[in-house]
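Start counting the sequence shown at 1; every next residue gets the next number (our numbering).
These aren't lab readings, by the way, just hints derived from the structure by calculation.
Glycine included, every Cβ here is placed at the ideal spot set by N, Cα and C.
Any given hint could turn out to be false.
[As the list claims (entries may be wrong)] So the derived label-pair ranges between C-beta atoms look like this:
no.	residue 1	residue 2	range
1	S82	E27	15 to 21 angstroms
2	K46	R10	38 to 44 angstroms
3	Y93	A44	33 to 39 angstroms
4	S114	G49	42 to 48 angstroms
5	V8	K66	18 to 24 angstroms
6	A146	E110	32 to 38 angstroms
7	P37	R10	25 to 31 angstroms
8	G100	A2	40 to 46 angstroms
9	D52	V32	16 to 22 angstroms
10	S82	T108	22 to 28 angstroms
11	E30	A2	20 to 26 angstroms
[Said to hold, decoys possible] Subject to a maximum C-alpha distance of 30 angstroms in a straight line, what follows is the list of computed BS3-like cross-link-like pairs (lysine-lysine):
no.	residue 1	residue 2
12	K141	K113
13	K66	K90
14	K113	K90
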Amino acid sequence: MALDQSFVGRTYPPTEPYEVGREKIREFAEAVGDTNPAYTDAEAAKALGHPDVIAPPTFVFAITFKAAGQVIQDPQLGLDYSRVVHGDQKFAYTRPVRAGDRLSVTSTIEAIKSLAGNDILDIRGEVHDEAGEHVVTAWTKLVARAADEEA
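All chains should be built: construct the whole structure from the sequences, respecting the hints.
Spelled out as structure tokens, the structure:
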């Protein structure tokens, strides 16, 4: 069953703040194999003009995808998550994510399309710090594969 087009433009409440920790950044950088010292050494980050270590660009996916869960779990939308695959991801930064940030995400459904029986859902996550300043916008594309046809 196709997703309800009337959901395009729907915005969900901001998430509770997520506190970005140095250790979480270090673990993420290690997991993705990025050895940039600005991710693990506060002095190296300060030498680049940052107040503390910064996170690799894809670090924010963890909190924006969790926030997108509000969309995914909305029973009125009718998304069958068992058929969902991650289609695409992109980010537009105002500034890097830093250790000590307390970030909240507001998710909005930007588009719902149907293509070859698949539903394609575009979710925009606006990430702000505690002061309300924009940090990054993340776009997530989810594809709900078409149900197999019964013979």
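* Asked: Looking at the structure, which of the earlier hints fail to hold?
  -> 1, 3, 6, 7, 11
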